[in-house]
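Enquirer: Sequence:
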Amino acid sequence: MSNLPLANDVSPGIASPVAASTSDSGVIVDAPPVRRVHSTAPSRGDLATATSTWLPWWGLLGLTLALAGFSFVRTEGTIFADAVEYLERALAFVRGELLVDAKQLRSAGITLLHLPALFLSQVLGKTLGVEETRWILPYAAAVHVMITWLFVVATVHLGRALASFVGEGDASARNVGWFAGLVALASPTLLQFSAIPMADIGAAAALAYGVNWAFLARTTARNGAKAGLGFGLAILAAFKTIPVVVVATALAFIVRLQAPSHGIAGEPAPSFKERLRATVRFAASGSLALAAMLVLQCAFDLAAYGQFGIGLSNYVIVNTLPQIAAYMYKIGFIELGHTLYDIAYEVIEESSADQISRNAEDLIQANRASWYFDHFAEFAPRWLVPVFAFGTLVAAVRALFVHAHVMRGRLGKMISASAPWVAAAALIAATAMKGTKEMRIWLPMLPAFAAYSALGLATIAGKASAPGARLRGALVACALIVAPIQGVKTLTGFTSTSMASLAHAAEWLNEYEPLKSLAASGQKPVVGASYHWSVLFRTAPHLELIKLTNQPDGSFSHLDSAEEREITLEEIRGLDAFIVHSALLRRDAFLGEPELEWARELSQTLSENFHVAAAFWNRESDELRFGPILVLVRHPDLGDRRRVLAEFSEANPRNDSTPLIRMERPLMEIFEQVELEDARATWLPGDDLLWVEFDFDQIGPRIIADYVILVRVTGKDSDQGAVAIRRPGWNKRRMIDMETGSRLTEGFVLAPYQGAISAADTSDPVRAGDPVRLWLDIVTVDASDAGVLFPTGRLEPLDPKWRGVGPGQMYAERDSFDPETGVSDDGHRFTRDFGHLLIGEVPPPGEEDQNGGSGNVLRVEAALRPQ
1 MSNLPLANDV SPGIASPVAA STSDSGVIVD APPVRRVHST APSRGDLATA TSTWLPWWGL
61 LGLTLALAGF SFVRTEGTIF ADAVEYLERA LAFVRGELLV DAKQLRSAGI TLLHLPALFL
121 SQVLGKTLGV EETRWILPYA AAVHVMITWL FVVATVHLGR ALASFVGEGD ASARNVGWFA
181 GLVALASPTL LQFSAIPMAD IGAAAALAYG VNWAFLARTT ARNGAKAGLG FGLAILAAFK
241 TIPVVVVATA LAFIVRLQAP SHGIAGEPAP SFKERLRATV RFAASGSLAL AAMLVLQCAF
301 DLAAYGQFGI GLSNYVIVNT LPQIAAYMYK IGFIELGHTL YDIAYEVIEE SSADQISRNA
361 EDLIQANRAS WYFDHFAEFA PRWLVPVFAF GTLVAAVRAL FVHAHVMRGR LGKMISASAP
421 WVAAAALIAA TAMKGTKEMR IWLPMLPAFA AYSALGLATI AGKASAPGAR LRGALVACAL
481 IVAPIQGVKT LTGFTSTSMA SLAHAAEWLN EYEPLKSLAA SGQKPVVGAS YHWSVLFRTA
541 PHLELIKLTN QPDGSFSHLD SAEEREITLE EIRGLDAFIV HSALLRRDAF LGEPELEWAR
601 ELSQTLSENF HVAAAFWNRE SDELRFGPIL VLVRHPDLGD RRRVLAEFSE ANPRNDSTPL
661 IRMERPLMEI FEQVELEDAR ATWLPGDDLL WVEFDFDQIG PRIIADYVIL VRVTGKDSDQ
721 GAVAIRRPGW NKRRMIDMET GSRLTEGFVL APYQGAISAA DTSDPVRAGD PVRLWLDIVT
781 VDASDAGVLF PTGRLEPLDP KWRGVGPGQM YAERDSFDPE TGVSDDGHRF TRDFGHLLIG
841 EVPPPGEEDQ NGGSGNVLRV EAALRPQ
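Each step along the sequence shown adds one to the number in our numbering, with nothing skipped, and position 525 is 525.
Treat the hints as calculated values from the structure; they're not laboratory data. Owing to the predicted nature of the structure, the values given are computational and were not obtained by experimental measurement. Be careful, since some hints might not be right.
Stated by the list, open to error - Listed below are the simulated DMTMM-like cross-link pairs for lysine to aspartate or glutamate, each with C-alpha atoms no more than 25 Å apart in a straight line:
hint, residue 1, residue 2
1, Lys463, Glu438
2, Lys716, Asp770
3, Lys547, Glu620
4, Lys547, Asp170
5, Lys716, Asp826
6, Lys547, Glu513
7, Lys716, Asp737
8, Lys489, Glu570
What the hints assert, rightly or not - Here are the computed distance ranges between Cβ atoms for each label pair:
hint, residue 1, residue 2, range
9, Arg134, Leu667, 40 to 48 Å
10, Val316, Arg277, 39 to 47 Å
11, Phe70, Arg832, 46 to 54 Å
12, Glu597, Phe253, 31 to 39 Å
13, Glu623, Val316, 50 to 58 Å
14, Val385, Leu471, 19 to 27 Å
Using N, Cα and C, we set each Cβ at its ideal position, and we do this for glycine too.
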């Protein structure tokens, strides 16, 4: 077929005329081994054969390592929870600990794989007296690169076996295998996960071997055991392969019973009884091997979760009934869909395992069924689709006319040749209705896709003697070179740093001197994180990282009882440091209880017990909208700390101090009055983020309008820049809730050199290294048709000449600018578009305040603090 001749050999598991013979009854049996005699001095032809056999392997290995290394280097932080949850389970297992908050019941394969290394590390740690875990993630990445290499090897073997099965010679079959390996390495999704310790690639490799032995090898008990072992390992690695294994097992049994359409040269066709006996032996050995892997999974569930087979059974329930229900919805059986969904939820709720939504309406897909096809370029280059289709057609047609030495007829041979892509189609059908879709879910079908695509490419190349062979061979060679390059190009478009800020926060905390000093005194600091898995295996040995019983990550729904909330808050109070993503604190004031109440309690707890020591954030990589990552540590003295939020409290005595500005507005015969008592700004260690705090006192009868706090950030000589609009209390309060004599202290993060914290604000950032101006307004807002917010009313700042007079004083003038100075006739500065008041200027970050001191560097405008 191919015009790239290589030496002949027999692919593993593929019958050849000299490797098989028949019994007296005509049933295929294993031939006795053939003794090969080697001379002590290999000939030049032998050396050429060895070179042609091993050189492509070395090339594929080098390419795999290079691409996986590139993927590893460009990835910062732990971007998937699965990547550490398997390792966390392994570590808990060797320590004899319970799996805290194990809402996701995982398959056992990857966890069992890492048990020996983690057990050895525990032994050495106890011997040396140091339990260092930061080596675990690099180790796991290296192991997974090797798994990726095994995946490539499995794909090569599947491609060879498929080509041999449909009648290609050994050299051509070998070329198809090399082509399949290159096509697999063109998958951006494979490259993305090639160095991330997750289960998908290992499951795909095991599945490829299982399919190989189930369909493309002879009907023997040994091959049946190999197929069952491959299928079992696939399930052990990832439960998502269950639909593929079910379909493949059924197909394998069918094709093994098919009678050949003709006898093997001079031999009678086997009888049905003989075919059945051979099939039973094949199925029995395969079933035993598969059952052994399933028992191992169930035993792991018992050891890890306390219930035999809970992980396996719950996965089947939660991923079968809801998906069937979704299909029922699609075809109009609404009541049946609701019933199936309710049954699944009841079972899951009773088993205290994986949580699913409480509402059947949530089966309306978050991503439509065609999502995988819309994003197919993330799986493989799109131009490979017609090549794959051509390869499947070639395999089916050639299988009908090949006199293969296998105990199957024409129909059976065609089914066998088509079985890999049919099994892949089962995976497509099983995942199409899931609301959450990720391209990595399709990785188990990549070996089959690569094998058929390789067969199509080899057929296009043709034999060396075919017309136009050189041109077609050159085109195929170019395609195989371009494919991995195209895969790498697509890979570079994937976000690989979405969790990097959390990792950077953990690394900063490792070097935080006060915690080092605490550890040196004999008291090991206890730290935690809102996303525990994002910092797991990243903290130094002198820190004790604990996992909160109820993880306050991106959802509040599972903390709907006062008891659960109090347990979590009490654990947080016992920490010496806490890494939290600010989106957790920024909740909408119109949310219902108990979610809003929980958010308020969390903010209050953090404000009372912690100090904002550092912050990390990168606008470009924050696809998950986490917002700035705050590093909170046990606070110093009350007056010397940065608070996340000091909720509404009684206004502090001023000791004859003068407020910076008084703002008021006559509304419905009431003078709304608020004073800006003080303002502070600090450059935080980390990513040059600015911490700003305002103290607002409510001194009027009451607040009527629903005001928001507006802060604009600009450069030194500009009044145009990014705008932050927020409700009081990190969006959890409303100014109308402020009682007379109460104070609101609002602290939050700004990113002057990156633009607004809000991804919707596209204003230009301040030039790095320039001073930063802060402008303030307390306004009501509305939105334009384009969604742009604009002020509709405001609390007006008073003219400083009228301080100390009652309501109804003269307001500061916003429209009397001196063209040269930009200052109004009362000494205030306002932006020229909406009239926001200039509060002060912050110099660029310097070397001070690198260990979390107060560091107030705000230079308040002279008009706001008259001498």
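Enquirer: A separate judgement is required for each hint: does it hold in the structure or not?
Expert: Hints, verified against the model:
1. Lys463 - Glu438: Distance of about 40 Å is beyond 25 Å: violated.
2. Lys716 - Asp770: OK: Lys716 and Asp770 at ~7 Å, within 25 Å.
3. Lys547 - Glu620: Violated - the C-alpha atoms of Glu620 and Lys547 are around 29 Å apart, more than 25 Å.
4. Lys547 - Asp170: Violated, at about 55 Å.
5. Lys716 - Asp826: Since the Cα atoms of Lys716 and Asp826 sit roughly 21 Å apart, the hinted pair holds (cutoff 25 Å).
6. Lys547 - Glu513: holds, 23 Å
7. Lys716 - Asp737: Distance ~36 Å between Lys716 and Asp737 Cα, so the pair is violated.
8. Lys489 - Glu570: Outside the cut-off at roughly 48 Å; violated.
9. Arg134 - Leu667: 40 to 48 Å: violated, 58 Å
10. Val316 - Arg277: 39 to 47 Å: violated, 32 Å
11. Phe70 - Arg832: 46 to 54 Å: holds, 49 Å
12. Glu597 - Phe253: 31 to 39 Å: violated, 57 Å
13. Glu623 - Val316: 50 to 58 Å: Taking Cβ atoms as reference, Glu623 and Val316 lie about 32 Å apart, which means the hint is violated.
14. Val385 - Leu471: 19 to 27 Å: The hinted range 19 to 27 Å holds for Val385 and Leu471, with Cβ atoms some 23 Å apart.
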